[in-house]
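2 protein chains.
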Amino acid sequence: MTTPHGSIDTPQFMPVGTQATVKSLTPSDLRTAGAQIILGNTYHLSLRPGAERVAGLGGLHRFMAWDGPILTDSGGFQVFSLADLRRVDDDGVTFASHLDGSLQRLTPERSVEIQELLGSDIAMAFDQLVDPGLPAVEVGEAMERTHRWAERCLAAHTRPDQALFGIIQGGVDASLRQRSTAAIAALPFDGIAVGGLSVGESKAQMAATLDVVADALDDDPRVRYLMGVGSPLDFFTGVERGIDLFDCVLPTRVARNGQLWTREGRLNLRNARFVDDPAPLDAECGCETCRDYSRAYLAHLFRAEELLAYRLASLHNLTYTLDLMRAIRAALADGSFESLRETVAGQYQRAESRPVSQQ
Amino acid sequence: MTTPHGSIDTPQFMPVGTQATVKSLTPSDLRTAGAQIILGNTYHLSLRPGAERVAGLGGLHRFMAWDGPILTDSGGFQVFSLADLRRVDDDGVTFASHLDGSLQRLTPERSVEIQELLGSDIAMAFDQLVDPGLPAVEVGEAMERTHRWAERCLAAHTRPDQALFGIIQGGVDASLRQRSTAAIAALPFDGIAVGGLSVGESKAQMAATLDVVADALDDDPRVRYLMGVGSPLDFFTGVERGIDLFDCVLPTRVARNGQLWTREGRLNLRNARFVDDPAPLDAECGCETCRDYSRAYLAHLFRAEELLAYRLASLHNLTYTLDLMRAIRAALADGSFESLRETVAGQYQRAESRPVSQQ
Numbered sequence: 001m002t003t004p005h006g007s008i009d010t011p012q013f014m015p016v017g018t019q020a021t022v023k024s025l026t027p028s029d030l031r032t033a034g035a036q037i038i039l040g041n042t043y044h045l046s047l048r049p050g051a052e053r054v055a056g057l058g059g060l061h062r063f064m065a066w067d068g069p070i071l072t073d074s075g076g077f078q079v080f081s082l083a084d085l086r087r088v089d090d091d092g093v094t095f096a097s098h099l100d101g102s103l104q105r106l107t108p109e110r111s112v113e114i115q116e117l118l119g120s121d122i123a124m125a126f127d128q129l130v131d132p133g134l135p136a137v138e139v140g141e142a143m144e145r146t147h148r149w150a151e152r153c154l155a156a157h158t159r160p161d162q163a164l165f166g167i168i169q170g171g172v173d174a175s176l177r178q179r180s181t182a183a184i185a186a187l188p189f190d191g192i193a194v195g196g197l198s199v200g201e202s203k204a205q206m207a208a209t210l211d212v213v214a215d216a217l218d219d220d221p222r223v224r225y226l227m228g229v230g231s232p233l234d235f236f237t238g239v240e241r242g243i244d245l246f247d248c249v250l251p252t253r254v255a256r257n258g259q260l261w262t263r264e265g266r267l268n269l270r271n272a273r274f275v276d277d278p279a280p281l282d283a284e285c286g287c288e289t290c291r292d293y294s295r296a297y298l299a300h301l302f303r304a305e306e307l308l309a310y311r312l313a314s315l316h317n318l319t320y321t322l323d324l325m326r327a328i329r330a331a332l333a334d335g336s337f338e339s340l341r342e343t344v345a346g347q348y349q350r351a352e353s354r355p356v357s358q359q
Numbered sequence: 360m361t362t363p364h365g366s367i368d369t370p371q372f373m374p375v376g377t378q379a380t381v382k383s384l385t386p387s388d389l390r391t392a393g394a395q396i397i398l399g400n401t402y403h404l405s406l407r408p409g410a411e412r413v414a415g416l417g418g419l420h421r422f423m424a425w426d427g428p429i430l431t432d433s434g435g436f437q438v439f440s441l442a443d444l445r446r447v448d449d450d451g452v453t454f455a456s457h458l459d460g461s462l463q464r465l466t467p468e469r470s471v472e473i474q475e476l477l478g479s480d481i482a483m484a485f486d487q488l489v490d491p492g493l494p495a496v497e498v499g500e501a502m503e504r505t506h507r508w509a510e511r512c513l514a515a516h517t518r519p520d521q522a523l524f525g526i527i528q529g530g531v532d533a534s535l536r537q538r539s540t541a542a543i544a545a546l547p548f549d550g551i552a553v554g555g556l557s558v559g560e561s562k563a564q565m566a567a568t569l570d571v572v573a574d575a576l577d578d579d580p581r582v583r584y585l586m587g588v589g590s591p592l593d594f595f596t597g598v599e600r601g602i603d604l605f606d607c608v609l610p611t612r613v614a615r616n617g618q619l620w621t622r623e624g625r626l627n628l629r630n631a632r633f634v635d636d637p638a639p640l641d642a643e644c645g646c647e648t649c650r651d652y653s654r655a656y657l658a659h660l661f662r663a664e665e666l667l668a669y670r671l672a673s674l675h676n677l678t679y680t681l682d683l684m685r686a687i688r689a690a691l692a693d694g695s696f697e698s699l700r701e702t703v704a705g706q707y708q709r710a711e712s713r714p715v716s717q718q
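Chains as they are written, first to last, in my numbering: chain A, 1 to 359; chain B, 360 to 718.
No wet-lab data here; the hints were simulated from the structure. Note that the coordinates shown come from a computational prediction; the quantities given were computed from them, not determined experimentally. Incorrect hints may appear among the rest.
Simulated coverage check for chain B against chain A, where a stretch passes if three residues somewhere in it have a Cβ under 8 Å from a Cβ of chain A [stated by the list, open to error]:
#	segment
1	375 to 385
2	646 to 653
3	664 to 678
Derived DEER-like restraints, expressed as beta-carbon distance ranges [to be verified]:
#	chain 1	residue 1	chain 2	residue 2	range
4	B	S440	A	G265	41 to 49 Å
5	A	R159	B	N630	53 to 61 Å
6	B	R407	A	T94	44 to 52 Å
7	B	A563	A	L82	55 to 63 Å
Pulled from the structure, derived: some chain B residues nowhere near chain A, Cβ distances all over 12 Å [claimed, not checked]:
#	residue
8	L406
9	E500
10	D570
11	T621
12	D682
13	L691
14	T702
15	Y707
C-beta: ideal position from N, C-alpha, C; glycine also.
Please work from the sequences and hints to get the whole structure.
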């Protein structure tokens, strides 16, 4: 997959840089961890520092000093997560800013405009996400609105150096997902995203929904992006159903809480057993954290609430995640995908059997 | 000046790594910023993670992955700053831990033992610091106790690979300082420190006290360390009075509050004028922060309370401070010390005319 700021090996994971920074890390750290593309958030950046301000400062790449590809989301997910603070109409969404309570307005046209001002390599259509547990008629209405907004995003989009991806909605209802896939795939988007998952549904529902989408897309050659996913095992679920791109705050968020992903499974550094452990987090990992520090040191930093804890843990979890995606690509090439999945499942499945809410 | 972990150019500034980390930075960052030696805190490290634990993990250098020289303080200053939570007797100090309120005991012998367990290159004698504004009799009593404790520290010290420095006390009273200097200089310490300054006295009092010490030390060849100082102009005050070593949390603490030290003077990044400023913090600085980011980006990170703000600001302020120390060394060599001081004073003196409390 190619973009104006470089090409991307797929399947690929995108670290999330919500506020023009992947929390605690520099672009140089991200490169070292293996990142090829990162994600920025339209909702957050439009409120602060403001899309026009970022454009005036030379665009998001220059602003945050990341010269690789950037994908921006459309704001749809964040508006959904504001819950009671928003009002949706056919033209767009009015919501109260989480920063100062001021009323803000996002429409398909404004979302596209913001993303063009930010100058991302890949923009996302503005969609309406709903709780998949709502009655089918409500899920269906949001889906139909998402389709109308998709056409308005395409009409509003002007930057020839920026790709625009459509988003499939429809909750976990197979017939709605099928209709949404057909509707979005019929439009001239540069890529196709699956939205509305990883918001409380079960692992089985996520897999079944991805099956429906994969069937309906059939041999559509465009890049496929599963939004807001995931965890180590979710990548296998997605990749075997044709997913090329993933993003999730999970690796960095859990890192800041002291949960480290390793080839021995999850380690919680707040557990007392680590305070005297001289071993590295993961003996097979090549990141700076594993090279230079013991579990005991990291356990100390977390207890002392030292800023370096969040940085070293984030660097490791991203390295782990990007190493895993690279291993998945290699396994696809040499036919060892199932064997790799079994290895990773042995490390992670027990902790992943519960329903997830990862964003 | 040489230590088991490398030699040090003097005059030199030591970044403070209170809890086995210079907040938000890695040893690699410190090297890049120009650090040759760092400081660790006996009080904090003995409470958490514990000196015996650090020793069991291979010592402080290995624990925090810094292979250069380390100086540890003795705990005297932190115990002083606990104010009402401590009780001093002739044998030592009993105090309540700031972590859990548990009663703890520090004596000259235990302070030396902790520092030997940590394995620092330079240990400090355990002293009794008092407010220099107290009546002379109280300042004098604490000074006399400091002298008795100095002898006990020397008697307790066993590591041949660790230097031990004595500490001069005596507040801002010239006759007490003179007596303390003579008493400490008469003992076989490897270096001489000036304690009890930068705790609320005026700039003029600090300078006058350093004059007294310099006169009393005369041509004593040992390394001289001014504890807990300082700010850009304080370095000149100290260096012209023979000081070789400085340490202070000021550069990193003010950095985390958004105050950046530059060749244009202090910049407060929380000031609204920076949110659209595309310039680097300091066009003459070679640090990563100045190379890659604008003031506008840093102003955004501080407003968004992003972890990267504290890291990039700390890296810059330490680079600035260590660059300044290097410039002072060069100025001493080529006779331009006064001209350099005038340049820096033009940038900083207005903000430094008030009394300071820097630790």
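Consistency of the hints with the structure:
no.	hint	result
1	375 to 385	holds (count 7)
2	646 to 653	holds (count 4)
3	664 to 678	holds (count 6)
4	S440/B with G265/A: 41 to 49 Å	holds (43 Å)
5	R159/A with N630/B: 53 to 61 Å	violated (34 Å)
6	R407/B with T94/A: 44 to 52 Å	holds (49 Å)
7	A563/B with L82/A: 55 to 63 Å	holds (57 Å)
8	L406	violated (10 Å)
9	E500	holds (35 Å)
10	D570	holds (39 Å)
11	T621	holds (19 Å)
12	D682	holds (20 Å)
13	L691	holds (34 Å)
14	T702	holds (30 Å)
15	Y707	holds (27 Å)
This entry does not satisfy hints 5 and 8, going by the numbered hints stated previously.
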